[in-house]
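Novice: Protein chains in written order, with the working numbering: chain A, 1 to 330; chain B, 1 to 330; chain C, 1 to 330; chain D, 1 to 330.
FYI, nobody ran anything at the bench for these hints, they're computed from the structure. Treat the numbers as computed from the prediction; the structure is a model and nothing was measured. Each residue gets a CB set at the ideal place from its N, CA and C atoms; glycine is no exception. Fair warning: there could be bad hints in the mix.
Dumping the calculated EDC-like pairs for lysine to aspartate or glutamate here, alpha-carbon to alpha-carbon at most 20 Å [said to hold, decoys possible]:
1. B:237 <-> A:209
2. C:237 <-> B:208
3. B:237 <-> A:208
4. C:192 <-> D:102
5. D:298 <-> C:42
6. C:237 <-> B:209
7. C:298 <-> C:317
8. C:269 <-> B:208
9. C:237 <-> D:208
10. D:269 <-> A:271
11. A:237 <-> D:209
12. A:192 <-> B:161
13. A:269 <-> D:208
14. A:72 <-> D:271
15. C:237 <-> D:209
16. D:72 <-> A:271
17. D:237 <-> C:209
18. C:298 <-> D:42
Some chain D residues well away from chain C (every beta-carbon gap over 12 Å; in silico) [claimed, not checked]:
19. 14
20. 28
21. 52
22. 82
23. 100
24. 105
25. 125
26. 126
27. 138
28. 151
29. 177
30. 297
31. 308
32. 310
4 protein chains.
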Amino acid sequence: MILYIIRKNADYSTLKEKLEASSATYKFIDLYGKRLVVGWPDSCLVGLQDPSIELIVNSRSPYVLSENNWKKEPTIVNVSGIEIGGEKVVVAAGPCSVESEEQIESVAKAIKSAGAKLLRGGTYKPRTSPYSFQGLGSEGIRILKKVGDSLGLPIVTEILDVRSLDVFKDVDMIQVGARNSQNFPLLRELGKFGKPVLLKRGMSTTVEEWMASADYILYEGNGNVVLCERGVRTFEKATRFTLDIGGMAAVKLLSHLPVCADPSHSAGKRELVQSLALAAIAAGADMLLIEVHPNPEKALSDSEQQLTPNSFSLLMERIKALANVLGRKV
Amino acid sequence: MILYIIRKNADYSTLKEKLEASSATYKFIDLYGKRLVVGWPDSCLVGLQDPSIELIVNSRSPYVLSENNWKKEPTIVNVSGIEIGGEKVVVAAGPCSVESEEQIESVAKAIKSAGAKLLRGGTYKPRTSPYSFQGLGSEGIRILKKVGDSLGLPIVTEILDVRSLDVFKDVDMIQVGARNSQNFPLLRELGKFGKPVLLKRGMSTTVEEWMASADYILYEGNGNVVLCERGVRTFEKATRFTLDIGGMAAVKLLSHLPVCADPSHSAGKRELVQSLALAAIAAGADMLLIEVHPNPEKALSDSEQQLTPNSFSLLMERIKALANVLGRKV
Amino acid sequence: MILYIIRKNADYSTLKEKLEASSATYKFIDLYGKRLVVGWPDSCLVGLQDPSIELIVNSRSPYVLSENNWKKEPTIVNVSGIEIGGEKVVVAAGPCSVESEEQIESVAKAIKSAGAKLLRGGTYKPRTSPYSFQGLGSEGIRILKKVGDSLGLPIVTEILDVRSLDVFKDVDMIQVGARNSQNFPLLRELGKFGKPVLLKRGMSTTVEEWMASADYILYEGNGNVVLCERGVRTFEKATRFTLDIGGMAAVKLLSHLPVCADPSHSAGKRELVQSLALAAIAAGADMLLIEVHPNPEKALSDSEQQLTPNSFSLLMERIKALANVLGRKV
Amino acid sequence: MILYIIRKNADYSTLKEKLEASSATYKFIDLYGKRLVVGWPDSCLVGLQDPSIELIVNSRSPYVLSENNWKKEPTIVNVSGIEIGGEKVVVAAGPCSVESEEQIESVAKAIKSAGAKLLRGGTYKPRTSPYSFQGLGSEGIRILKKVGDSLGLPIVTEILDVRSLDVFKDVDMIQVGARNSQNFPLLRELGKFGKPVLLKRGMSTTVEEWMASADYILYEGNGNVVLCERGVRTFEKATRFTLDIGGMAAVKLLSHLPVCADPSHSAGKRELVQSLALAAIAAGADMLLIEVHPNPEKALSDSEQQLTPNSFSLLMERIKALANVLGRKV
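Looking at chain A on its own, in the form it has when it is part of the complex (with noise of 0.2 Å):
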């Protein structure tokens, strides 16, 4: 396809009648405070040109609003306050799933005094067994956003069903997990919603993929986009999945979007969540996603890969050195 940017301020209604004249599909679409155009298939809009134009961008890949050829400066998201891409690395902690009121009060103090900007706690559970728990809903949103409104912690939870986006206007950043990361009509709507968006890496989908999910985000003017890698699926069982450090730092020299890691679902065993998490800073991450449990034994789900507020505050002072010789700040 083909991406024109429009110069600032520029009359651009012939382009538009030249676009119509063609037999090309187009979309106007407003992104980063530029006026773009996006159009395909290439052949219907070879040579068109216009006064109106500053850039054109053309692309073989099946995505272009995620890649920098056309935004070399890297993208900030900004999550109720929290800037993610910039000069900090932030980090978001909280348990699995959401239990009880006391539960994240408890670990959400622990998390903050330890220096995360952002609470996360599963609500809507993903869960292979429909015999597993699944989450206490819409009453696991209320809880995150009572406790985190108290202690100044924007709140992240993962969305499952696309009709209840109704009930995540007080989510302040949407997580997308592995799961729905191909799922296109859900992909759209969070486009249209405009809230930040987490979106995570498929177990099996490709960079190329998965910054094609992202376009379909961008495509319906949602720019506030994270790309969170959180492993792959592979022969190799030592781990629950392989955290692709270098699919990572592959993201990250071709889009212009700011990126995640997930060690705590990678690891599967929290003996192994420092060496990934402090893998993934190194290798450029902006944020990472830590589970943390006040008491992990009896979490109801994921008990073995969930880090005590105490080894979480130990790894932080880890985090936060490694940031610092890399030029980063936590």
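Here the structure of chain A is known, so what remains is to put chains B, C and D in place on it, guided by the hints.
Specialist: Below, chains B, C and D alone, put in the same frame as chain A:
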């Protein structure tokens, strides 16, 4: 979890009281003419007995309804008169995407005369890129239905969005694609909707997870599920996906549900479709999903893997001969 | 690289001079009754012409001798009288490991009467752990040879160590296992040794790399290579390895060499062996390698995947029926 | 199997008799200043006790010598004076292939002044295709040795053929490549040879198998093994291989042996080498293997992934800073 099969016509009111008195989660389900109860966690149900219980099955897998521990006889799924899972091998054929009424008419006649029993065609297309052809949507279903009705071919097409279920009331068998294989809200709704479901395995879904996805549908009372192997994602690029014949055979050993194979998507090129189709039949597939296009080179999607009507007809001859020697028919 | 086929009985002395004058690396090879030259890099050979040249093949793959661009007719590999790659499907059967003369006698009689044409058995075993049974070594070969001779069954066994080639002079077909599929010094020596080679695909070797490994053998003048698919390593654990039927079919399209499948190692459990064996035949396998043990439960290695003589006999009946309908025999 | 550690200076003659009297296979091994016995199968050794035994370790894994159950303190491998596994992070650098003395001199000076402690270079090259550059062989080793000696840099190079061991007597550390990671005869010989071994993980070798391969070397009495993660094969093609940082960290938890990472081969492109190198250090790597070429564009192999001396020098600065904050040095 634990599965109880209720004795035919038994009074199970005291069982209900016992379940209520326990702190287990439980549900009564009617499946295949039997009344069942599934309950969990096991710890809350230890020692529960009742005269109304015919059989107790204790499963340590993430599934129970789709396994054959409690239902030895294979399930036959009836798709508007076409039986899948019985003696006959059923072939569903048609284009990757519905493009026009002429296209569907032409291909439907050809596949019918070659012996296909179901007409398939993509109407809502799950495309990696937002800039690719997305399908004709409800208009595509209208075309499929019209042509299918005129030729007596029940139709199969894929659903992408849980909100579009209404549009699928005229569809005989609803396909869940690889990318939605763990879209749990969609699976639950299809369980309630009741129509036969063709549940594709995700591209990195394990056999265990695939069966657990089937359980989501059965759990809502819909036992009409066919499990479709369509290739898993591996390092090998000589084929588009690696058709996991062994995984399909493993499911046959574990489950009472019929199995289908999709040689077209896994092959990725038409020269390989025949080998994979025959291999699947030889390994016990009850159904095949084969892409046929009147003019593959001009197809709007997946042009390289679609067969011409002629080569499909030749393939059907070989399929018939093979099925015959295996004690089956087409 | 570039392949030149020399015209029959042509004088190619000037061609030789031209090659010498170029700065290319080149080698004359006699294969399948033809005299060939392979030379590279291409840049040094551009425009080279000579009346002695019958055909020039330019390959951009990492292989050329094993592909069918220059040799359209399928290669038939003759293993002491048994032809692989012709009309007949050849079955090699026997235990995972040679354990004793009694064991081999018992199993050899059984597989012969069931229709197997080659006797297989592991003598030098590639074991993950140094603490597992490593095989009987040369004594195992002596047993195989003795029993094979007495029953008229040529023998197949695996080589592990390039230094033990001498011991293999009595072996009719030398197997290269998955772990040695890219053991290049071993492949070269087998090329010089001249005996038929059963070249297994590595557990994560691509089709392209597999054919390049075959080229190492052919390059030394040994064209008697059968390519054996034995399952690739994936995330799926319901089978031991994922038998890549599509990869095997892809090789059939690209290469003139016969192909074999090993359903036993990929299945990992005997209940799945039949499905995979039949699938491989249906997809065009010229040969099968099947593990049979007189008493599988007591086997010193891989006890779960070996068939009893009885179930092997039943499998052979189905293989024969299937081969027949595909226009082949056993 | 069972591991017995003999008490220092104890008389173990009765233990020997007991072992002899059992029907177990066993072997006495001297490792890290301790006298050990490994015996199996367990069933033959149940209840065996002797005053000479200091500790009994029972392993259900396919390895025991490489795990840290019996040896808590990390092993330090001494490569001609350079210690791997101690406080310092050791960097080995040099070209993919040794091409000429000038090339090696130029690169060796550069890497030394940047802080590398070992000089690496391929001399016997494992190439997918027989038509690719195969390395300079023994002449390459002569060059490496000469330059290494003149600059005080111990040398690391890969062995392909067990028959060429003699040629490696001047090599300080012998690399076993991914394709030979389960070449058991080679591993055994290296165990007897005694020189430090850099054991790469196979491209689809599990952590468990990798440690079992190390056990083959330790079993012959050579404890000088460094385990090198070089990327596993997955579906992702944005990098050449997927560097499994989690697998490397898992090995660190299980084994007393030092670990190394090879960011160059896994990255496949030089823009990604830095991210992967830093990630490996952050996750605990004791050593790095980095490809540096005086003129990468003209390299005879893997030109895209080799760093220039300048960019290597910049990378070393970042490695030093990172190591420092992690309490290590370079």
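Novice: Are all C-beta atoms of chain C more than 12 Å from that of residue 14 of chain D?
Specialist: 24 Å, holds
Novice: Is the straight-line distance between the alpha-carbon of residue 269 of chain A and that of residue 208 of chain D 20 Å or less?
Specialist: Holds: residue 269 of chain A and residue 208 of chain D sit about 17 Å apart, inside 20 Å.
Novice: Please verify whether residue 237 of chain B and residue 209 of chain A have alpha carbons no more than 20 Å apart.
Specialist: Holds. Residue 237 of chain B to residue 209 of chain A sits at ~16 Å (cutoff 20 Å).
Novice: Hint check: residue 269 of chain D vs residue 271 of chain A, CA-CA at most 20 Å. Holds or violated?
Specialist: 31 Å, violated
Novice: Is the Cβ of residue 100 of chain D more than 12 Å away from each Cβ in chain C?
Specialist: 16 Å, holds
Novice: Within 20 Å, alpha carbon to alpha carbon, are residue 237 of chain B and residue 208 of chain A?
Specialist: Holds. Residue 237 of chain B to residue 208 of chain A sits at ~15 Å (cutoff 20 Å).
Novice: Just to be careful, I want the Cα atoms of residue 72 of chain D and residue 271 of chain A compared with a cutoff of 20 Å; is the pair within it?
Specialist: Roughly 17 Å between the alpha carbons, so the hint for residue 72 of chain D and residue 271 of chain A holds.
Novice: Once the closest CB in chain C is found, is it more than 12 Å from residue 52 of chain D?
Specialist: For residue 52 of chain D, whose nearest Cβ neighbour in chain C is about 22 Å away, the distance exceeds 12 Å, so it holds.
Novice: Checking one constraint from the list: CA of residue 237 of chain C to CA of residue 209 of chain D, max 20 Å. Satisfied?
Specialist: Since the Cα atoms of residue 237 of chain C and residue 209 of chain D sit roughly 16 Å apart, the hinted pair holds (cutoff 20 Å).
Novice: Examine each Cβ of chain C, and state whether all of them lie more than 12 Å from the Cβ of residue 125 of chain D.
Specialist: 9 Å, violated
Novice: Evaluate the condition: distance from the CB of residue 28 of chain D to the nearest CB of chain C exceeds 12 Å.
Specialist: Non-interface label on residue 28 of chain D holds, nearest chain C Cβ at 15 Å vs cutoff 12 Å.
Novice: Would you say residue 310 of chain D is clear of chain C, with no C-beta pair closer than or equal to 12 Å?
Specialist: 29 Å, holds
Checked against the numbered hints given earlier, this structure breaks hints 4, 7, 10, 25, 26 and 29; the rest are met.
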